[in-house]
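Protein chains: 2
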Amino acid sequence: MKYKDSGVNIERASRIKKTIGRLAESTWSKNVLSEIGNFGGLFLLPKEYDEPVLVSSIDSVGTKVLVANMAGRFDTVGQDIVNHCANDVLVQGALPLFFLDYIAAGSLEPEVVVSLVEGLSKACRENQCALIGGETAEMPGLYQGTDFDLAGCMVGVVEKKQIIDGFRLRPGDTIFSLPSTGLHTNGYSLARKIIFNELKLTLDDHVDEFGSTVEEELLKIHASYVRPVTDLLHRVDVKGLAHITGGGVVDNLPRILPASCDAMIHKGSWPVPPVFTFLQEKGGVGEKEMYAVFNMGLGMIVIVSAEEENAVMKYNGEMEIYRIGEIRKGRGKVIFE
Amino acid sequence: MKYKDSGVNIERASRIKKTIGRLAESTWSKNVLSEIGNFGGLFLLPKEYDEPVLVSSIDSVGTKVLVANMAGRFDTVGQDIVNHCANDVLVQGALPLFFLDYIAAGSLEPEVVVSLVEGLSKACRENQCALIGGETAEMPGLYQGTDFDLAGCMVGVVEKKQIIDGFRLRPGDTIFSLPSTGLHTNGYSLARKIIFNELKLTLDDHVDEFGSTVEEELLKIHASYVRPVTDLLHRVDVKGLAHITGGGVVDNLPRILPASCDAMIHKGSWPVPPVFTFLQEKGGVGEKEMYAVFNMGLGMIVIVSAEEENAVMKYNGEMEIYRIGEIRKGRGKVIFE
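As given, the protein sequences belong to chains A and B, one line each in that order. Residue numbers for the first sequence follow our numbering, so the first one is 2 and each next one is one higher. Residue numbers for the second sequence follow our numbering, so the first one is 2 and each next one is one higher.
Any given hint could be a false lead.
Copies of the same chain look alike in the list, so a pair counts if it works inside one copy or between any two.
Subject to a maximum C-alpha distance of 20 angstroms in a straight line, what follows is the list of computed PhoX-like cross-link-like pairs (lysine-lysine) [what the hints assert, rightly or not]:
1. Lys334 <-> Lys283
2. Lys5 <-> Lys268
3. Lys289 <-> Lys268
4. Lys123 <-> Lys18
5. Lys123 <-> Lys31
6. Lys48 <-> Lys161
7. Lys201 <-> Lys283
8. Lys123 <-> Lys162
Note that these hints are calculated values from the structure, not bench results.
Isolated chain A, as found in the complex:
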């Protein structure tokens, strides 16, 4: 009996790893000391930090992988996971340094893995971080058919004195938001249920509300906020950042709110992408539930003092920024009005 007979093809996996290695190298800076194939990825910490604090985040794109699989399109979820994790380290004020991916499947289809890693590499280059390692695991018996899972871990760095943590938030501070591109990587189980099970739509169906096909809407890439937020950090004193992911603004914004503050959010002060209105109406989902599951167009929350408000309003970067509310005295909650 050979290992191949059990569904694991080490030879094919080795071949894929060479292509992955070439793609990964396209993301490397002089700080990367290793070659893929070493046991660990080696990254020389940049010298400019007095008290470097490493900020790390691990995540997956959730069941968005199932949509990617249905569509046979894999590069976009590759970009999603990198951008998602980059945003998570960014909210503490850290810049992404390096990323490691985890791809698991019942059978590693070379073209799928390569396409995923093309997406990972593209996003790593855009976020100026190095794809320094990864694991492609062939696990027959756990993943069915062409199913696969995709996760990743980002490590960034911030000077200790410059950590952003929300501790300085005070009543009167102003809440801004950078827009999401759509669902990002959250709420896909519910979205899939409404779109495919209830409405019986297919990926190729054009939906007027989306102005695109179902596939195009559902595979929109999770925005990276690294460039716009870095721009803002150079211009204004940012007191708090929150990446709006699973659990929506209701769950994620309180993670940085002091216990004595509420976040007052003014509905209508930012554009809600049509995909959310569509899911709410067609799926018969209550508005409260919508805000507890989806980002509703709020991709990255940025909080500054009232004095800095004008500086933010004058900011003219690659993304719109919306003034959506204020910090008030309260009990650590998000309140809509």
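Knowing the structure of chain A, use the given hints to seat chain B on it.
Then chain B, alone, in the frame of chain A:
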């Protein structure tokens, strides 16, 4: 419609996260600045490094999760993944700093997740690294029934001048090995096929060759070599380390061999755990295939110059260490004799 109806229970996930948080805290040193619940885990880099190089590794325990699931025992695979990743950063001479886990399932059973994290935390304490973050993803539609996947990412640090990379290996150097406890986390697809499909054994069957039940053998914990290797690094000039994982010694040792050197391995110079002989005989697996799939008792390869050989032989740590071969002139291959 509610998010729960699509199979995702955010409320239950939040409750689990609190317990996870408490377990994770048991692993924290003063360098951990974050509380779980922040977007990223925060780790203050220790001050004692002139040119700190971060060494990172991401991996999974492969289809060993399926055995854990059959057995309804989850703490051991939690320890497996931490030890596995700790060994991977260790081979570059790095000490583990912090770990992040990824747990994915169709439905997050609180007792399963908590048991997994108990294992992760125990191993993190033993390896003196902090469990600093993690993702528990509920993905109905991707994972069937009680199936789950477990992966993790370890970040360690090494002084640049002290990186171990095998570049200094020369003909005449001596090859040692620290023993594996058994299969560790590799070759489970083949082992499961032989044990469950061919031999029709069950987890509770006692196997004389193992001196234990199938369950006890298959869930033996992947050894951590952090303590014995750290001990050795203090006493001898270690020129090369290789963690023997998927692909066996045949694939993993060449990762550190210079192109002009072969590794000559003397069969019979170390004890092969009975599980391997059993699988080879009962499964009708060729010896060459065995060495290309399994660790065959070789857990961690340690290479020193011939002059240092006696210092290693006199080493009397918590693990046996076996002299298994030498480096010779060659072409970057492993040769058995």
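Going through the hints against the structure:
Within a single copy, Lys334 and Lys283 get their C-alpha atoms no closer than 29 angstroms, and across copies no closer than 62 angstroms, so neither meets the 20 angstroms cut-off. Taking CA atoms no more than 20 angstroms apart as the test, Lys5 paired with Lys268 passes in neither setting, with 57 angstroms inside one copy and 25 angstroms between copies. With identical chains, the CA atoms of Lys289 and Lys268 are at most 20 angstroms apart within one copy only, with a shortest distance of 12 angstroms there and 67 angstroms across copies. In this homomeric assembly, Lys123 and Lys18 come within 20 angstroms of each other (Cα to Cα) only inside a single copy, at 17 angstroms, whereas the closest approach across copies is 32 angstroms.
Taking the shortest Cα distances, Lys123 and Lys31 sit within 20 angstroms of each other inside one copy (18 angstroms), while across copies they are farther apart (36 angstroms). Proximity of Lys48 to Lys161 under the C-alpha cut-off of 20 angstroms is found in both arrangements, the shortest distances being 14 angstroms within a copy and 13 angstroms between copies. For the homomeric pair Lys201 and Lys283, the shortest alpha-carbon distance inside one copy (12 angstroms) is at most 20 angstroms, but the shortest distance between copies (51 angstroms) is not. Taking the shortest alpha-carbon separations for Lys123 and Lys162, neither the intra-copy value of 31 angstroms nor the inter-copy value of 32 angstroms comes in at or below 20 angstroms.
Violation of the numbered hints given earlier is confined to hints 1, 2, 8; the remaining hints are satisfied by the structure.
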